[in-house]
Every structure is written in structure tokens, then in C-alpha cells.
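Student: These are the residues of each chain, in order.
There are 2 protein chains.
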Amino acid sequence: MVKSFFGANYREVEIGEIVTLARNEPLTLECGVKVSNFPLAFQTYGTLNAKRNNAILVCHALTGDQYLCGTHPVTGKSGWWDRMVGAGKPIDTNRFFVICSNVIGSCLGSFGPKETDPATGKPYGLSFPFITVTDMVKAQALLLDHFGIEKLFAVIGGSMGGMQVLEWATRYPERLHAAAPIATATRQSAQNIAFHEIGRQAIMADPDWCDGEYVAQHKYPAKGLAVARMAAHVTYLSQEMLQEKFGRNLQDREDYTYGFDADFKVESYLRHQGANFVDRFDANSYLYLTRAASYFDLTQGGKIKLTDVFAGTKVRYCVVSFSSDWLYSSVESRNLVRALNAVAANVSFTEINCDKGHDSFLLDVPEFDSVITGFIQGSASLYGVD
Amino acid sequence: MVKSFFGANYREVEIGEIVTLARNEPLTLECGVKVSNFPLAFQTYGTLNAKRNNAILVCHALTGDQYLCGTHPVTGKSGWWDRMVGAGKPIDTNRFFVICSNVIGSCLGSFGPKETDPATGKPYGLSFPFITVTDMVKAQALLLDHFGIEKLFAVIGGSMGGMQVLEWATRYPERLHAAAPIATATRQSAQNIAFHEIGRQAIMADPDWCDGEYVAQHKYPAKGLAVARMAAHVTYLSQEMLQEKFGRNLQDREDYTYGFDADFKVESYLRHQGANFVDRFDANSYLYLTRAASYFDLTQGGKIKLTDVFAGTKVRYCVVSFSSDWLYSSVESRNLVRALNAVAANVSFTEINCDKGHDSFLLDVPEFDSVITGFIQGSASLYGVD
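Protein chains in written order, with this note's numbering: chain A, 2 to 387; chain B, 2 to 387.
There is no bait here: all hints are sound.
Quick partial rundown of chain A residues pointing at chain B, CB under 10 Å, derived from the structure: (1) V34; (2) A191; (3) D209; (4) A232; (5) V235; (6) L243; (7) G248; (8) N250; (9) F265; (10) L288; (11) V332.
The set of hints was computed from the structure by calculation and includes no laboratory data. Ideal placement from N, C-alpha and C gives every residue a C-beta, glycine not left out.
Generate the whole structure from the sequences, applying the supplied hints.
Tutor: Okay, here's the thing in C-alpha cells:
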């Protein structure tokens, strides 16, 4: 039982498995801070085979977590990739051992700003060290060491999860056979840096944020976090989908009320998204994780050519983008594929025609399922997974 | 001298000309409220000719105002359309009498929530009646009556200004010869309704908003309004322009600071946009005007067909969109043009290739200048302007 803080109230939430990592040797974060004995929360699905060659690491997006399928302990709903991961599903737990860990910086049991700092006995808050996508991946590598898995069959993830996939494939190319970066980019764009800055400013503008010390002060920046989520949520959907799903439909009324209530269905929907998010996510984690995503750049600010990043890679790549995704558009995926092609990497690229926007990778898109199924089946027979 | 409230301080700001309208007969707003003796602030440029047929009404966008050119009394900068309006410019003040008024609901001298309610001696705040684009245009029509102008040569405007143009052309078709709706739509889309809702929620989340009574309480929701502006500002620019102008460039530093400062230039730029806006715009006006834009729909919620709205029109239309504008995309303009074509209206349509996003109509885009120049010259010779 892990006591966790979600939303405006403390709630006792049972987080699944948690392992303490960096017990012998500290992990040096990119910001220079060394951390030891930090917790990493994870879930596994399926069984590791005798050859230890059937492990798939799934990397979650910004506000995702380790609960791929089954019931989520905080929301009571299904895990975020329930339709992709499970027995007989594209990532088939009858055949593969699937691991997903909560990234460091997040708030579902892993080392993050809402965890208690052993040095003070209080939550870290803003004394939490800054983490990057590289640091997230280094922590995941320690988790694999814990499992005794030398090499993953595949690493798969969308959005910020896709950044982790790219980081895995370029930092530990010998530790994975195949990589599926989905709806992602080799670096955060200016527009996406801007969107994240807006979210952070919305949180920090809330006086109940208390300069990050809201837990100690028994407050919670619910309004600011809700605005941040609303602003982000619009970017996850396409203009077409919003128009088709909501249009100008009114919410339980016949006419405008000439007021600031949620007259339109889309306004009501957004408010609902904001309110739900506040109940399941930590505001400081949102600050740290958006920062980590903004810092992501495989070329390290242009110091390294993108082709040099991938030079000589033996990893099999399956790059996927969605036509209506304007947050991590197909242009970004094409840039990635161009660099991979330039170094003669083994890469397939599919742009899926779909009007559901960035969130397509989380939604019911049969063509996406079949791309992932095909990629896994083909790569697995090549790799010799039983 | 009009005492006006801008930002966190009262400042004495000289607003140009202000006329009191609806002196004999009240104006009935769409929300049902009747208003009398309300102020409308305006500027004029050039001279009305003897035939009274050279008047051009320019309609401003959401946070624009009556200052087209010359020095703006609040910001000290040039007016918002200085490059389009003036002697020898596309909207040539040597030939035309150009009028621009501050829309009702706004905050630069016209009837708006920060003005004093004569009944209470206090600012209206949220007791201000809800206004619509129709109401804005009805107020402008009263201004024309005041000038004794029966028929305008042209009405021109972009974004929410373009909505006013469409409202003019369909509500008072006999009162204008030509109409140029630019970077606009016949109704606010679901996505744009959503963006505006985010802005309002950001303002209303700020405790210094004081349920709209911030003036009386000597407060100002500066943080919330800044977040609202930042969120809106990103939508005014294109992804390409942001990438080209800012990319991942750092702000006066060599490397990441691993902190929440504005490490990236684009973050610094956005914060600057937010801070500047707070000094020149009233938070409650922002609420009311975004509401008005969201309510805009020429089809009245589908009660009227778009083609019926335009049926029999004699107005000459010049529709302009910009290829990288994703807020009011070319798709919206094409829908408008399709309806106009279906009723055999006189319409030209230009989609200008330009990477500057929605704000293109405010920026240096020579092709746009030449489209407006051509439209005005051609229409004026047809209309018989000397």
C-alpha cells in the first residue's frame, strides 16, 4: 500500500509493484544530480520465456502510467492501452512478456516530486531534481537489469513514449532488437515547447500551487492544472474530429444562455477533461515531465547530426504517424525516416489515414493495430521468439 | 480625457473620439437587453467626399481597436493596420474616408464591462449584458447614421473583424457595395470554441478576477489573462513560422538551466506576449468578446441554410485566406465561397501562400496588399468613387 496524493485529497492507492533501483551505484541524472535507492513502479503482463528473448518494453506518454490493461487503481477504468496489450491482442501477452514502468518524474509510485524526500521526510516538491527523457530511459535500463533481461525484443511507445523509444534505440542499441516510435519526433518542436510552457504557466499562476509546496500547505492547484490539461487536450485531437464529434452542439439546452456557462458541448467536454485530470495527476509532475519533453532533442541542440545519431544501427524500426496528428505530425516522422534511410537502417514507415488526431495511437484505429501486429509478428520470427 | 483601467493600475488614457449612440431609441441586444445612450469610440482617417460614397468601414479583430494607424494611446506603438491604411497605402486615406470603431464589449472607450454603469456609478463587470457580433454591427450601423452615411463603399476586416464583415453584408446588404472578409469563417468552429473556453477558464481561475469585480476590489487577474493570451497567441502563428523564427534556440544562455525559467526563446517570447497584453486589455472584455465570437454562426444553429443567408446578394465579395492559417483555415473560406457561388454572387477568392499563420493579415505580406489594392481599385471604379 502506497499512500499517494491525488487531487485535493490524500487517497490510499495501492500501486502495483515497486522496485528500489540504484542500490549499489547512484544514477547520475543529466542535470548532474546523483540519485540512489529510488523507487520505480511497474507492471508486467505475460511471462518471460526461458530464452529471455520475448520481453517488450512499452513506454508511456506524458501523463500515462504503468497500467497498460486491467483496472487502473486511481481511475477505476481500464489501462491506457487495453485494446493493444493483452491475450490475443496485437501485443500478445500469451507470447510476450510486456513491461511498463512509470517514468521517473511522474506520480504513480516512481521517483517523482510528490514522493517523500528521505532527507527531510517531506515531499520533494521543487527540490526534486530535473529529469530528462534520457534519465527516464536510464532508469528503465536499471529495471531490466533487475529482471536480468539483457536484450529486449522490442520497445514501443507513442508521443513522449516514442521519444523514450528513440532514446532506447540510440543509447542502448545492443539492448533491443526492434523499436516502434509512434506519433513522435526526434526533438520537441517550437510549437510544442510553447504549448508546454502555457500549461506550466497555468499551474504556476494558481496561488494554490504555493511555489510547489502545496502538499505541505494542504492545498492543490486544481484550477491551474485543469486549465493546463484543457489547453493540452485540444492539441491531442484534430480539428476534424472536434467538428464531427461536437460541432456547435449545445449542452443540454435549446439556445444560448448568454452567459459563461458551458453552453457548447465541446466546452462541457473540455471542463470535464480538466476536472478528471486533476483527480489523477500531480501538478508538479506535470511541470517536470513537460520540461523533460521540451528538453528532448536527439541532436543535442545541433551538436550531432541526426544521421550520426543513427549511424550503423542494427535496430529494426517501425515508424508510425497519423495523418490528422498536428502535435507530432507526419512531417516529424518523415524527418526521422529520412535520417534512418540515409544510414541504410532497417525501417518501415506507415502514415495512417485517420481523423482522430494525436490521440489516434490510444484510440480504436484498426489499421494501426494491424501495423503493430505485422511488425511484431515479422520481427519476432526473425528474432527467433518461440 | 477618458479615465481608463488598463492592467494592474489606473492610467489616464486619452481615447480619441467617442459618440453617444441610441439617444432617441434604445438598441435591443440579441440577449434581449435594451441599451440607450451608450458610448462608441472611433477613429476616422481621410475625408468623406461630397457624394458620401467613399467610406470604408474597417472592423477589428478580437483584441484589436479603433487605432488603425498613427500612435496608439495605450501602447505608444503604431496602430494595428498601419501598413494597410494610410496615404498611398492599399486602403488609401487620400481617396477614402476610413472609419474604425471599437466594438461594443471591448475596452478602448466603447460600451464595455469596464465602463461605469450610470445606474450604480460602478464598473459593469459581469452585470454587463452579453453582446454578439450582430450587436457589434448594429452599433456600427448607428455610428454610420451619426455620420449621415447611407451606404458604405466597403467593409473590410480579418478574423472576428471578418465575422463583422459577413454580418454587415448579410444584415445590411443595401448599406454596402463591397465586402472583404479575411481569414474568417461563417461560424466559429468547435476547435475555436474550445480555444476560447480555455482562455476564459484561465482568467476565471485567477482569484484576482474576483468574480469579475476586480476593479472594485482593486485587483487584476494579470496572471490568468496572461495565460489566456499565451494560449491564444500560439494559435495565431503557424507551426512553420514558430520553427523558423524560434526553433529550439535558447534565450541568452548556452545550455539548459534545468529549471522552469524561460530557457527557450519561444518561451520568453510567449511570456512577453502575455505580459504586454495584460497592460493593454481588460480581462472581462476578453471574456465577453470570446463569448461573442463563439456565438457567431450565420446559419443560426442550422436554422437557415448558408445559401439562403446570401441569396440574392448584390454585394461584391473579396474572400481571402492564408495557407498556413490553422485557426480560420482556407477550408472555412472555401465553404463561404461555395455558398456565395451557389447563389451566383459576385465573389473573388484568393488563398495566399504564406507561412505566417492566422496573423498573416496583420503582417508584411505583399501579395495580400496587392489583393486588397486590386479589389478596392476595381470596386471603386465600378461604384463611381472619384
